[in-house]
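Given the structure of chain A, go ahead and fit chain B onto it with the hints provided.
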Amino acid sequence: KAGVTQTPRYLIKTRGQQVTLSCSPISGHRSVSWYQQTPGQGLQFLFEYFSETQRNKGNFPGRFSGRQFSNSRSEMNVSTLELGDSALYLCASTFTEGRGLGGGYTFGSGTRLTVV
Amino acid sequence: TQLLEQSPQFLSIQEGENLTVYCNSSSVFSSLQWYRQEPGEGPVLLVTVVTGGEVKKLKRLTFQFGDARKDSSLHITAAQPGDTGLYLCAGAFLYSGGGADGLTFGKGTHLIIQP
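So the protein sequences, as listed, match chains A and B. Residue 1 is where the first sequence starts when you use this note's numbering, and the numbers rise one by one after that. Residue 117 is where the second sequence starts when you use this note's numbering, and the numbers rise one by one after that.
Think of the hints as simulated: they come from the structure by calculation, not from any bench. Quantities reported herein were computed from a predicted structural model and do not represent experimental measurements. One should not assume that every hint holds.
[As the list claims (entries may be wrong)] Just the calculated beta-carbon pair ranges, DEER-fashion: (1) A:67 - B:124: 38 to 44 Å; (2) A:63 - B:157: 25 to 31 Å; (3) B:136 - A:41: 21 to 27 Å; (4) B:173 - A:2: 25 to 31 Å.
Note that CB positions come from ideal geometry on N, CA and C, so glycine has one too.
With the rest of the complex left out, here is chain A (with noise of 0.2 Å):
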């Protein structure tokens, strides 16, 4: 079966810009996460969204936003870009409501964001 899709893979932006990045889940997966991954911070949980709804957020400013459709696509956008806001942004899936039951995630490849 497919994996997690995520879309676009590279992206430029100039500082002050927004920007918009996807996430197609695996089939049937309804909980979608996004991380933020730089080589200082490691892995940052931004949020999580089961069926529609935020469930979790993590501990980023207000810039950071996202969404989750009815088919479990989920989008998550970032506004006025900063140069520090250059990481790799991944998106992952699982079938339950996450919330640490034990079900493992399944990672995306990630979209490279670089602000300039």
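Relative to the frame of chain A, chain B by itself:
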């Protein structure tokens, strides 16, 4: 905020040697997962441990969850060049009220196995 300390950060060893990677926290986790990530790709789940004291084996990899569910280790026997990669531990934390955060990741162990 729950933190996971992973050690060592970097490890370079010869093919055939054994190694252990550690993951420690002051928090109790409901489950702990180990992932492996290769350059340009997302992490791939290796194992999930849920019960304190649990030991799981995946070929030459042995994973252990501490009795108190605050720590975990990954042991690789007879390492091979194909084991090279970034190994990440990730903990899931459940609040007593039923709420939860997303996965908390350690910063990873960069493992290089030299032929």
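Hints and how they fare:
The hinted range of 38 to 44 Å is satisfied by residue 67 (chain A) and residue 124 (chain B), whose Cβ atoms lie roughly 39 Å apart. The beta-carbon spacing between residue 63 (chain A) and residue 157 (chain B), approximately 27 Å, falls within the hinted interval of 25 to 31 Å. Checked against the hint of 21 to 27 Å, the C-beta distance between residue 136 (chain B) and residue 41 (chain A) comes to roughly 25 Å, which is consistent with it. Under the hint 25 to 31 Å, the C-beta atoms of residue 173 (chain B) and residue 2 (chain A), about 30 Å apart, fit the expected range.
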